[in-house]
Every structure is written in C-alpha cells, then in structure tokens.
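Protein sequences, first through last, are from chains A and B.
The first sequence begins at 1 in this note's numbering and counts up one residue at a time.
The second sequence begins at 1 in this note's numbering and counts up one residue at a time.
Calculated directly from the structure, the hints in this document are not laboratory data.
Any given hint might turn out to be false.
When chains are identical, the list treats them as one kind, so a pair holds in a single copy or across two.
[Claimed, not checked] Straight-line distance between alpha carbons at most 30 Å, and here's what the computed BS3-like set of lysine-lysine pairs gives:
hint, residue 1, residue 2
1, K255, K245
2, K47, K166
3, K131, K42
4, K189, K42
5, K318, K245
6, K47, K27
Protein chains: 2
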Amino acid sequence: MRIAVDAMGGDFAPVEIVKGAVEAAEKDGIDIVLVGDRDQIKAELAKHPAAAVEIMHASEIVQMDEHPANAIRRKPDSSIVVAAGMVVSGEADAIVSAGNTGAAMAVATLKLGRIPGIARPAIASFLPTNKGKAVLLDGGANVDCSVDNLLQFAVMGREYAERVLKLNNPRIGLLSIGEEPSKGNELTKAAHAQLAQSDLHFVGNIDGKDVFRGAADVIICDGFAGNLVLKIAEAIAEFLQSNLKEEINKNPVYKLGVLILSPALKRAKNRLDYAEYGGAPLLGVNGVCIISHGRSDARAIRNAIKAAASAVENNVVKFISTTVQQDEFAILNRDPSAK
Amino acid sequence: MRIAVDAMGGDFAPVEIVKGAVEAAEKDGIDIVLVGDRDQIKAELAKHPAAAVEIMHASEIVQMDEHPANAIRRKPDSSIVVAAGMVVSGEADAIVSAGNTGAAMAVATLKLGRIPGIARPAIASFLPTNKGKAVLLDGGANVDCSVDNLLQFAVMGREYAERVLKLNNPRIGLLSIGEEPSKGNELTKAAHAQLAQSDLHFVGNIDGKDVFRGAADVIICDGFAGNLVLKIAEAIAEFLQSNLKEEINKNPVYKLGVLILSPALKRAKNRLDYAEYGGAPLLGVNGVCIISHGRSDARAIRNAIKAAASAVENNVVKFISTTVQQDEFAILNRDPSAK
C-alpha cells in the first residue's frame with residue numbers, strides 16, 4: 001500500500017506536509033510518495049536525512065483561491081492531478097491533500113470516477129462529541145441536495161463508521177431544527193420519511209443543540225448546512241477564545257490563573273482541534289481521497305495519512321459499492337443517475 | 001404605551017416572568033400588563049408589594065410542546081392569545097412571550113396580520129460579534145424561503161438596525177459558505193444577485209467563519225440555516241464549557257486557577273448570553289411582538305420588555321411598512337402575495 005501525498009497543497013506546504021509525511025513513514029511504517037516540485041520537496045527532505053519517502057515530480061501547483069475546474073484543465077501537471085493519476089494507474093492507493101478543496105474534489109471525482117449508484121460524492125467530516133466523535137456528511141461538497149443524495153450519504157457514512165471507525169451498527173441521525181419528524185425543511189422532512197423506512201439504524205432528527213451530545217454516530221445533511229455547522233463551530237470557539245484573552249488582559253492577576261489552568265484550557269480546546277482527525281474522506285469516489293484542512297500542520301497530515309491507510313486497509317470503497325447495490329438498499333438506489 | 005407580557009409562557013413561568021416585569025416597571029418605568037392566571041400572578045406579585053403592574057386574566061396556557069395551530073384553536077383564552085387580542089383592541093402596544101415560539105408566531109401573524117408587502121414574518125435574533133452585535137434573520141420562523149422572502153428580511157433587518165439599534169446605514173450580509181458571489185446554494189446565489197442590485201448597503205456573502213467577526217450588522221438567511229447557526233453556537237459553547245469542567249476536575253490545583261480566573265471566564269461566557277438581548281422581535285407582523293428564549297430568567301424578561309418598548313417608541317412597524325412600499329424598493333416587492 002502506498003499513499004500519494006500532495007506536497008504542494010495547504011497553507012504550510014511544503015514544509016509541514018513533508019514533515020507530516022516523514023512522521024507517518026517513520027512512526028507508522030506507511031509507504032508514501034510525495035507529489036510536487038522535486039527541488040522543493042528534496043530541500044525539505046534534507047531536514048530528515050533518514051526518511052524513506054519517495055518523490056513524484058509535478059511541475060504545477062493549484063493555488064488555494066483558483067477556480068477548481070479551470071485550474072485542473074489548465075494545470076494537468078499540478079501536484080493534485082498527478083497524485084490522482086497515480087491512484088488511477090495503480091501506482092498509489094490513496095490521495096491526501098490539504099490544498100484547494102474544490103480542486104481535490106473535482107480531480108478525485110473526474111479521475112477516479114464515482115462509485116456506481118452514488119450520484120454525488122460527499123465530504124465526511126468529523127465532529128467531537130461528549131461521547132467521542134461523529135461523522136457529518138456532507139461537509140460541503142454538495143450545497144444543493146436531493147433526498148436521494150442524503151440517503152446515499154447515509155449509506156456511505158454507515159459503511160465508513162462501521163468499517164473504518166469500527167462502530168457496531170452505527171446510529172444515523174438527520175440534522176434538522178427540532179427533533180420531531182415534522183420539524184425541518186422540505187428536504188429534511190422528505191428524507192426523514194425515507195430514512196425511517198430504510199434498513200439503516202436511523203435515530204431520527206438531530207437538532208442543532210444536540211450535535212455535540214453524541215446522539216448519533218453519523219449525521220446526515222446537505223453540504224450547505226454541513227459546512228455551516230463546521231464553520232460556526234470553529235468560529236464560536238475562536239470567538240470565545242478571543243473574548244477570554246481580552247478579559248484576561250484586563251487584570252495582571254488573571255495571568256497567574258492562566259498559568260495554573262493552561263494545561264486544562266489547552267486540553268479542553270484540543271477536543272475541537274481538526275488536526276486530531278487530520279482530514280475528511282471524500283466518500284463516493286471510486287478510490288480513497290482524504291481532504292485535509294488548509295491550515296494543516298505536520299500532525300494533521302500524519303493523521304490524514306493514517307486515515308487514508310485505514311480506509312484502504314478496511315476496503316471502505318468496496319463496502320460502499322457493494323452496499324449501495326444490494327437489494328435491501330433498493331430504496332436508496334432508485335435512480336443512480338438522478339441528481 | 002403598555003406592554004402585554006405573557007406571564008404563563010417559558011420554563012420559569014410565572015415566577016421569573018413576573019419578577020422581570022416588576023423590574024421593568026420599577027426600574028425602567030414601563031407600563032405593563034401581565035396576562036395569565038390571575039391567582040398565580042397575584043401570588044407572585046405578593047412578593048413585590050410595591051409593584052404597579054396590572055393583570056389581565058387568561059384561563060388557559062399553551063404548553064411548550066403543543067402543536068401551535070391546534071393549541072391556538074383549542075385555547076382561545078390562553079395567555080398568548082389574550083395578549084395578542086389586547087394589541088389588536090388597542091389595550092396594549094406590544095406582546096412579550098417566552099412561551100411556545102411557534103404558537104407566539106402563529107398568534108401574532110393571525111391576530112396582528114402581516115405588514116402589506118411582507119409575505120413572511122421573520123425572527124430577528126441577536127448574535128454577539130467582536131465589534132458588538134449583529135441581527136440575524138430569519139432565526140427560525142420560515143424554514144423554506146424564496147429569494148423574495150430573503151430580500152424582505154433584508155429590508156426589515158435594515159429598518160430594525162437603523163431605527164431601534166440606531167446604526168447608521170447598517171451593513172447587510174448574506175449568510176453563505178464562501179465569500180465570493182459564486183459560492184453558496186441556489187437560494188443564496190440568486191439572493192446575492194438581487195441584493196447586489198438593490199439600494200441596500202449590501203456587503204456580500206458572510207461566510208460561516210466570519211459570522212462573529214462583525215463584518216455585517218444584519219445577516220440574512222433562511223430560517224433553517226439561521227436556527228442552525230443559533231443552536232450550534234449555543235451547543236458549542238456548552239460543549240467547550242463541559243470539556244473545561246471535566247478537565248478542571250482532573251487536578252485539584254486547577255481549582256485555584258478557576259478561583260482566580262472565574263470573573264474573566266464568566267464575562268467571556270456572558271458575551272454569548274441570550275439574556276443580554278432578552279428576546280427576538282418577530283418582524284413583518286403588523287405590531288410589536290418579542291419572542292424570548294424558553295429559559296428566560298427575570299433579567300431576560302426585563303430586557304425583552306425594554307426591547308418591546310424601544311420597538312414601539314421607534315415606530316419600527318411603520319418604518320418597515322413605508323419602506324417596503326417605496327418605489328426604490330420595488331425590486332423587493334414585485335409580488336407581495338408570492339411565497
């Protein structure tokens with residue numbers, strides 16, 4: 001097994017990407033090929049002389065703010081396109097990228113193709129909960145979704161939770177406003193009716209206030225709502241932190257309190273840390289692709305590489321593919337070509 | 001001016017409602033009529049013998065979990081219905097309720113009617129920001145919205161921010177995922193195009209991560225997204241707090257840190273406190289109706305009563321009504337009867 005890591009993608013590329021890849025190779029024994037500008041990668045690898053990491057040269061870089069579709073067309077030798085090509089040709093088993101999210105999704109969908117029966121791939125993002133973590137999908141790949149899209153997300157999330165996270169009979173919840181089936185918008189009400197009839201372990205609507213309480217292992221929503229949840233969670237944590245800093249600066253005696261409490265404050269905050277999870281798998285494409293946060297540091301990249309390896313090892317693509325085509329999930333698969 | 005306060009609505013009714021009303025009467029000099037069970041209200045008022053607060057008897061109560069439309073039909077003598085009736089008959093100028101939100105909205109819309117040109121009333125909720133506060137609407141009254149609904153929300157939010165919050169030329173933002181006009185779902189992209197053409201001071205999309213950064217004074221979205229934002233913000237703050245408590249309990253020395261930091265922690269947390277704002281005006285109905293959080297304490301109720309008085313004093317209903325019918329806002333008013 002070999003993981004193709006986009007060395008040029010992300011706010012701290014290539015420094016942190018190379019560092020994270022080296023750590024994954026050395027500490028986790030994962031075979032890695034760094035894809036990107038050979039000279040830049042070599043210069044970074046020189047800091048880690050003992051590292052056994054391969055390089056695949058790619059002369060171009062898709063910038064963070066480039067239009068995804070245009071960038072791919074214009075830059076066939078960009079690191080993300082070359083990395084995906086390696087998975088297609090069998091030279092690698094998975095892609096990890098902290099670069100332009102839209103470009104990574106577009107490349108993965110275009111090059112790897114979709115799993116038959118899945119109309120739209122979805123980003124499976126992790127949320128911390130009082131009981132551990134939950135997988136939320138879609139985290140932002142599809143802003144406008146149909147009921148069928150949501151049902152397919154549910155099946156993909158279930159397979160991921162069961163096969164990779166090793167949860168037994170994972171609980172599927174539907175993000176909504178209000179717990180009753182009658183609460184929500186037209187999309188969630190229609191999806192609720194279908195999910196309730198399915199063979200999934202559906203636990204009903206998950207109200208916004210319960211998202212972090214661990215009432216479901218897999219939380220289903222359209223990409224607009226999902227992305228909003230992820231960003232609001234990050235934004236409010238930052239807001240509280242900046243408020244606290246401001247209050248602390250008002251009185252020197254607080255500095256002593258911070259000194260004493262600092263480890264506890266740090267650990268409480270770390271439970272929200274995206275780097276803990278490393279990246280979000282793009283589920284529904286015919287291959288493993290892990291999309292990392294643009295601000296990924298070495299630890300996040302190492303965790304993303306481990307997540308990629310685990311998805312490959314546990315055959316998550318094969319399980320999704322088999323499940324969506326099984327008779328018992330016919331309800332989820334009425335028209336695979338439908339949007 | 002007289003404010004009709006639903007004494008029976010809310011988790012801590014009638015105790016905290018009566019207490020908050022008495023405070024508003026005594027400290028803010030506002031004329032108040034408490035609507036609800038006469039005996040229960042009298043018993044509470046006995047704790048405040050000097051208070052000059054009137055009572056309007058109502059024999060029924062709409063429970064928090066009752067179906068709004070059914071409850072109103074079946075309970076014509078409920079406190080919320082009687083309070084609304086007092087505004088219709090001119091015996092009161094505004095309603096304040098911390099009871100069943102759906103019922104309060106339905107009663108206000110049914111009894112007071114809509115402002116001509118406004119298809120759907122919206123809840124204007126307050127969000128704290130690094131620069132003060134922002135008004136978000138819709139906070140949950142309309143889960144499925146059209147572009148016209150959003151444009152009308154923008155006009156109502158602008159009038160409220162300008163007339164009541166006294167902001168000069170308030171900045172209107174559109175909640176979306178991504179800042180560029182091309183980012184978002186079908187609804188936000190279409191609304192962006194219309195808002196950009198309007199005479200409003202439109203500052204473009206507000207990404208989830210920027211909601212608390214004060215980039216807009218008024219944030220427009222459908223009620224599903226808006227309610228999600230409010231609930232996720234509340235949920236993540238609770239989650240962080242419970243994480244911190246858990247960490248603190250791990251080591252007795254942290255207790256000392258908490259003792260020192262406690263005022264700063266409390267003040268940082270208070271910036272998120274709904275009681276600070278008291279309640280959310282339901283804009284678009286032909287009268288003033290403030291909907292308070294179910295968990296409102298006396299302070300929240302007092303602030304809600306002050307908000308109601310301020311909305312009446314500043315003629316917000318009249319200004320919304322005039323503005324939506326002005327020629328320059330013709331774009332917002334193409335078909336007032338349209339959903």
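- Message: Please sort K189 with K42 into within, between, both or neither, judging by C-alpha distance up to 30 Å.
- Response: Classified as neither: same-chain Cα gap 54 Å, cross-chain 44 Å, threshold 30 Å.
Q | Within, between, both or neither: K47, K27 at alpha-carbon 30 Å | A | within (16 Å within a copy, 69 Å between copies)
* Alpha-carbon proximity between K131 and K42, which holds within one copy, between copies, both or neither at 30 Å -> neither (42 Å within a copy, 46 Å between copies)
* Intra/inter-copy verdict for K47 and K166 if alpha-carbon distance must be at most 30 Å -> neither (37 Å within a copy, 58 Å between copies)
### Query
Is it within, between, both or neither when you check K255 against K245 at 30 Å Cα-Cα?
both (10 Å within a copy, 19 Å between copies)
Query - Status of K245 relative to K318 across identical chains (alpha carbons, at most 30 Å) - result: neither (48 Å within a copy, 43 Å between copies)
Comparing the model with each numbered hint stated earlier shows that hints 2, 3, 4, 5 do not hold.
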